[in-house]
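S.K.: So the chains spell out like this:
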Amino acid sequence: MPILEVTDVSKVFPGVRALDGVSFALQPGEVHALVGENGAGKSTLIKLLTGVYQPDGGELRYRDEPARFATPMDAQRAGISTIYQEVNLVPLMSVAHNLFLGREPRNAFGLVDERRMIREASEILVRYGVTTDVRRPLGTMALGAQQMVALARAVMVDAKVVIMDEPTSSLEPREVETLFGVIRDLHARGIGIVYVSHRLDELYQICDAVTILRDGKVVHTGKLAELERIKLVSLMLGRDMSAVRREGFTGFAGDHTGAADAPPVLRVTGLSSRHRLHDISFAVRPGEVVGLGGLLGAGRSETIKAIGGAYPVDAGEIEVGGRTLKNPTPVRAVQAGIAVQPEDRKAEGIVAGLSIRENIALAVLPRMARWGLVSDRRIDKIVDTYMTRLRIKASGPDQRVGDLSGGNQQKVLLARLLATQPRVLLLDEPTRGIDVGAKAEVQALIDELAADGLGVVLVSSDAEELVEGADRVVVLRDGAVVGELTGTNVTTEALLETIAAAAVSSEEPHDN
Amino acid sequence: MTTEALVRRPTFDRAWLPKYGVYAAIVLLVLYNVAFTPNFLAWSNLRIQLVQVAPIVIVALGMALVIGTEGIDLSVGSVMALAAALIPLYLGYGVIAAILVSLVAGVVVGLINGVLVARVGLQPIVATLALFVGGRGLALVISHGQLKDVRNDDLIFLGSGDFLGLPMLVWIAALLVLVVAFVVRRTVFGRRLLAVGGNRAATELAGVPVKRVLIGVYVLCAVLASIAGLLAVARIQSSDASSVGLLIELSAITAVVVGGTPLTGGKVRVLGTVAGALLMQLVIATMIKHNLQPSTTEMAQAVIILVAVYAARERKSR
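From first to last, the protein sequence lines are chains A and B. Counting from 1, position 28 in the first sequence corresponds to residue 28 in the UniProt record's numbering; the numbering is continuous, with no gaps. Counting from 1, position 137 in the second sequence corresponds to residue 137 in the UniProt record's numbering; the numbering is continuous, with no gaps.
Just so you know, the hints here were simulated from the structure itself, not pulled from any lab data. Incorrect hints may have been included.
What the hints assert, rightly or not - Listed below are several chain B residues computed to face chain A (Cβ distance under 7 angstroms; list not exhaustive):
#1 ALA24
#2 ALA174
#3 THR187
#4 VAL188
#5 ALA195
#6 ALA201
#7 GLU204
#8 LEU205
#9 GLY266
Quick reminder that beta carbons are idealized off the backbone N, C-alpha and C, glycines included.
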């Protein structure tokens with residue numbers, strides 16, 4: 001008998017069907033993995049289970065009765081606790097206060113019984129591996145310890161169901177072990193756990209069952225032990241193992257021979273950033289497209305941003321055209337010839353309120369000016385060139401970029417990058433959220449730029465795009481390079497195998 | 001998952017009000033005054049109005065630039081006081097020296113504001129609050145809290161003299177309007193400023209030295225405020241650190257907002273700001289001429305600000 005169950009639920013947002021006839025059942029004492037790529041509907045499903053959203057259709061049952069949670073508070077009172085990626089507690093208050101927030105023990109006068117609270121908090125937290133003074137402000141503790149406090153708090157409320165959304169993303173390996181200990185304990189007490197994570201070996205270590213979402217639908221549900229890793233990955237990415245190889249599916253023409261013996265235009269050595277990137281090394285030759293493969297959270301975007309000077313780096317060296325980039329910042333990276341197209345076009349790419357002209361010229365204003373005075377004539381020339389070359393469809397260069405379609409916004413962004421005359425182009429999901437026609441155009445453009453001698457690094461969650469667009473694919477997992485596909489080996493099958501195999505082989509170090 | 005608005009309604013009617021509303025309001029008020037206020041068109045009256053609005057315009061220009069970067073500068077009134085307090089101290093070295101010293105004071109305050117906002121990462125309202133409080137305090141310390149008469153013919157000419165039939169103050173304000181409009185439209189700095197206000201993260205990734213731009217904006221704003229401060233001394237022929245520039249930050253912000261510059265940054269309306277300052281001045285003058293209580297005037301100002309903010313509010317679904 002499931003403790004929490006949804007049957008045939010849907011959720012529609014304007015223009016998007018986020019969930020489409022999804023059914024999901026959680027048994028008591030079960031650790032149930034919920035997996036899927038970005039936009040698959042995981043967070044929407046969690047929000048339906050916890051009262052943040054109401055389903056547009058279908059049924060929600062909790063403890064064998066039809067249920068309706070009007071607010072997250074309702075769900076929590078009923079015994080469904082959620083732990084989010086970011087800790088939702090009060091950093092300035094003490095650990096003990098955070099743990100008991102809203103249900104502090106009272107003394108005879110109805111005031112908060114500080115002493116009892118501190119004593120109980122210490123006792124409870126020891127079980128979660130937190131041994132620091134509970135009177136310390138929560139914000140002064142390590143993120144992992146904060147997460148443990150959040151977890152302790154969630155379980156304390158007499159929870160029947162605990163939902164964990166990427167709980168290990170900010171934990172150290174030792175803390176992950178503590179977390180797993182707590183999960184096993186909850187499991188033994190018959191509490192149902194929904195576990196969302198992209199780390200495959202974690203899933204196989206701790207979860208009993210799995211439900212895979214893709215494009216708002218359930219594509220698989222069942223026992224995790226019975227599902228091969230490679231199968232799990234292919235289901236997640238939506239690639240049928242046997243029927244993958246089809247040429248000409250994307251706008252890419254084929255291989256770029258490049259200059260095989262030319263010195264690399266970009267060389268990254270030992271790039272590391274605390275928790276996120278571990279000793280990443282690769283090189284890109286002029287005229288070559290190097291793909292970065294891996295699942296969500298593998299460190300692809302972080303790698304790209306680190307090279308572009310926009311992500312903190314602890315160690316490692318970045319060389320552009322043989323010259324080392326010292327203390328990378330975005331300003332220095334652009335000057336060195338690195339151009340970054342960030343993943344989130346609206347937040348980090350375009351300036352929506354400004355015109356196409358201003359957006360394209362943004363990075364090269366000093367070159368378009370004399371004595372600090374901008375020459376509109378020079379800007380118009382360059383804007384004209386790129387609007388024609390990239391076939392940007394707009395009423396004119398003065399149109400607001402925010403009013404353009406996604407594809408044209410992306411082209412404006414690319415035009416801005418190209419105007420800096422870069423030597424290396426780093427593209428993070430260049431075709432996400434743009435229509436099919438523009439997609440093919442952007443892909444063809446990447447080909448063309450590589451043919452012109454640029455070094456291109458391509459990140460894409462679309463396996464086909466990655467395989468057909470890239471000459472080589474460097475596969476990342478948990479912030480480290482775990483494999484490289486070259487030559488005839490650059491296929492979707494090989495990519496999926498490397499991602500899955502990486503998860504298997506890395507389990508060994510865990511044992512010692 | 002992002003959801004694009006599927007339907008885009010025509011925006012003609014909505015865009016009209018923030019763009020031209022302030023000019024229309026000025027025309028209406030002028031027509032009303034021409035018809036109903038005796039001696040409104042008398043040169044002496046217009047002259048008084050222009051002289052009174054000039055310092056607000058100068059301060060508001062700097063404020064418009066700061067607001068264009070999605071910031072705010074509360075310290076402008078204190079900068080005026082600081083500049084005013086320094087003038088009598090250095091007048092002995094000549095009027096040029098005194099002016100230079102008060103401008104340098106503006107640069108220093110601007111640097112502090114800019115560094116707090118751009119490098120330390122404080123919110124502009126908090127960062128500039130520090131000097132809003134401390135700046136006037138320092139000005140009072142410098143002047144020993146005393147009102148000092150300023151008798152220097154050159155300075156008095158700046159404050160009360162005429163040139164080609166117009167007060168010097170108006171000439172200076174007009175010149176600064178042209179300079180700021182030129183900076184916004186034609187310089188690398190101006191274009192970068194708008195991009196920073198429009199999307200700081202994107203501008204940073206594009207390789208623009210965002211911090212330098214922000215510091216520059218706060219320096220420019222403080223220098224404009226110190227010009228307003230020294231002109232205030234020149235006009236009233238005395239320096240009183242406790243009253244110069246008091247509450248001017250509010251008038252300046254009002255002028256900027258009423259002029260159609262959005263508080264969300266990414267856009268600066270220089271002429272609109274001038275018009276905003278003129279409109280508020282006209283409202284006050286009209287009310288006074290018709291013997292309305294100051295409280296009524298304040299309420300009328302409040303209504304105008306609300307209308308301006310309402311009209312300028314951004315469409316959320318984009």
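S.K.: Look at each hint and say if it fits the structure.
M.R.: Structure-based check of each hint:
{"no.": "1", "hint": "ALA24", "result": "violated, 24 angstroms"}
{"no.": "2", "hint": "ALA174", "result": "violated, 21 angstroms"}
{"no.": "3", "hint": "THR187", "result": "holds, 5 angstroms"}
{"no.": "4", "hint": "VAL188", "result": "holds, 4 angstroms"}
{"no.": "5", "hint": "ALA195", "result": "holds, 5 angstroms"}
{"no.": "6", "hint": "ALA201", "result": "holds, 5 angstroms"}
{"no.": "7", "hint": "GLU204", "result": "holds, 5 angstroms"}
{"no.": "8", "hint": "LEU205", "result": "holds, 5 angstroms"}
{"no.": "9", "hint": "GLY266", "result": "holds, 4 angstroms"}
Checked against the numbered hints listed earlier, the structure breaks hints 1, 2; every other hint is satisfied.
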